[in-house]
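J.: Spelled out from the first residue to the last, the chains are:
There are 2 protein chains.
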Amino acid sequence: MKTNELKAEEAKAKTERVLAGAKVVYMATNGSHGHPNVRAMSTVKADGADVLWFVTDAGSSKVAELASDGKAVVYAEASRGGECRVWGSVDVLDDDASRKVVWRNELAEHFPGGASSPELRVLRFNVANGVYCSKAGKKGEFKN
Amino acid sequence: MKTNELKAEEAKAKTERVLAGAKVVYMATNGSHGHPNVRAMSTVKADGADVLWFVTDAGSSKVAELASDGKAVVYAEASRGGECRVWGSVDVLDDDASRKVVWRNELAEHFPGGASSPELRVLRFNVANGVYCSKAGKKGEFKN
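Chains as they are written, first to last, in our numbering: chain V, 1 to 144; chain D, 1 to 144.
Rather than coming from a laboratory, the hints here were simulated on the basis of the structure.
Check before you lean on any hint, since a few could be wrong.
No more than 25 Å apart at the CA atoms, straight line, and that leaves these computed lysine-lysine pairs for DSS-like [claimed, not checked]: (1) V:Lys23 - D:Lys135; (2) V:Lys139 - V:Lys7; (3) V:Lys100 - V:Lys7; (4) V:Lys23 - D:Lys143; (5) D:Lys71 - D:Lys143; (6) D:Lys45 - V:Lys23.
Hey, can you work out the whole structure from these sequences and the hints?
T.: This is the structure:
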């Protein structure tokens, strides 16, 4: 697999498409005892390849991990092939404005108290850089 | 989601089933600059929930990362629901015996030189502990 066959703007545009279409992504964090951690997550909202929004429970291990070290990476793949990874930092948010950004009625199953549920936390993943790789192995990197 | 609703032996048995059936798993490592890294991988061989075997290219970022810090985590999900995470350490191996363990003819597409291809590396993931969670949210932990 050759590096940087795609220009940065192409790589970012393709990453945006993968992130917009992926129902499930995989987020890794710096976990406890120096071990990484990883889990499947659903992206609630993707602002291009710049900011990804997630919702989680205040008691989840990722909230504890991200509060102590916000560095994270997200892997996503397109159903037609092509994959991307984006690195960045995650803010754990609790304010009303952030809750409004992420709230969808589908979330009521997990958060019956709605957008103001006390156990709801917003994760704002701020993308610093990323890499896209097509099914055929064409690769490109970008920085925000 | 309650913790440890499943006994350790049940959690390990279910983890074994998920790992044996998963075509793709997601392995996170301690990457560069203090950032975690993550990628999709195919397990070549799973010895229960004790050892997972992977094949990769000597030039891949994971080989560099794992040579510097072998701590890793693997996430896998069952097609019928249920998911697991296993933590452990990864050995990057290059010896003939390890190459024989992992070699399958399907690998010839990537490694035309066969099991002795100089660019082939074996990753032996030694599972230390894990957690299984059923589709219904029943959870259990185990240690090896």
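J.: Now look at each hint and say whether the structure bears it out.
T.: Each hint tested on the structure:
Taken as a hint, the Lys23 (chain V) and Lys135 (chain D) pair is honoured in the structure, with Cα atoms around 17 Å apart against an allowance of 25 Å. Distance check on the hinted pair: Lys139 (chain V) and Lys7 (chain V) sit about 9 Å apart at the alpha-carbon level, within 25 Å; holds. Proximity of Lys100 (chain V) to Lys7 (chain V) is assessed by CA-CA distance (about 35 Å); at most 25 Å being required, the pair is judged violated. With a C-alpha separation of about 32 Å, the suggested pairing of Lys23 (chain V) with Lys143 (chain D) is violated against the 25 Å cut-off.
Restraint check for Lys71 (chain D) and Lys143 (chain D): the C-alpha separation of about 16 Å stays at or below 25 Å, so the hint holds. For a cut-off of 25 Å, the pair hint linking Lys45 (chain D) to Lys23 (chain V) is broken: about 28 Å separates their Cα positions.
In this structure, the hints that do not hold are numbers 3, 4, 6, in rising order.
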